Amino acid sequence: PGSQAGRRRTGRRREDGGTGAASPRRGRGGVWAVEEVGGRQGSFALAGTGVALPVDGESSTRATIALFGLAPTAIRARTAEALLAGTSVASPDVTRVGNAATADAQPSDAIHATAEYRGSVGAPLVGRAIAHALAATRA
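The opening residue of the sequence shown carries number 22 in this note's numbering; numbering runs sequentially from there.
Source of the hints: derived by calculation from the structure; they are not laboratory data. For clarity, every value in this text was computed on a predicted model and none was experimentally measured. C-beta: ideal position from N, C-alpha, C; glycine also. Keep in mind that the hints are not guaranteed to be accurate.
Listed next, with one range per pair, are the computed distances between beta-carbon atoms [said to hold, decoys possible]:
1. R159 <-> R117: 18 to 24 Å
2. I132 <-> G107: 40 to 46 Å
3. P93 <-> G60: 18 to 24 Å
4. G78 <-> A103: 16 to 22 Å
5. A131 <-> T82: 33 to 39 Å
Build out the structure end to end from the sequences listed, making use of the hints.
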């Protein structure tokens, strides 16, 4: 989205059978990325996350993590945001942050994916989005 410079990869096949989109971008003062999983290439997302990290030197000054498809509406993962804010961009604990992000998620069963499946992909999606966003700091 927008006209920010960066790489864009869409429709990549995942080991979990879904497809994903990673849009690592570097903007004024920060980086962001979106990760999602869908049932097949070109379909709508079953679950996903958006991560924005304002970066000041070697650390992230704050974090914004949004989840979709993991609750009745899109939600912010404020506990995970607090864990990520102020951490070194060189080595954040993306597993811990991903688990914290999805701890309060309440995915529901739907025709395209079960609640169990949606819940299982949330934390890895957050981790990948953080990793892709931070990769843009090195690009």
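Outcome of the hint check:
Hint check: R159 to R117, Cβ distance near 22 Å, so the stated range 18 to 24 Å holds. The given range of 40 to 46 Å is respected by I132 and G107, whose C-beta atoms sit roughly 41 Å from each other. The given range of 18 to 24 Å is respected by P93 and G60, whose C-beta atoms sit roughly 20 Å from each other. Under the hint 16 to 22 Å, the C-beta atoms of G78 and A103, about 20 Å apart, fit the expected range.
Hint check: A131 to T82, Cβ distance near 37 Å, so the stated range 33 to 39 Å holds.
Consistency with the previously given hints is maintained throughout, with no hint failing.
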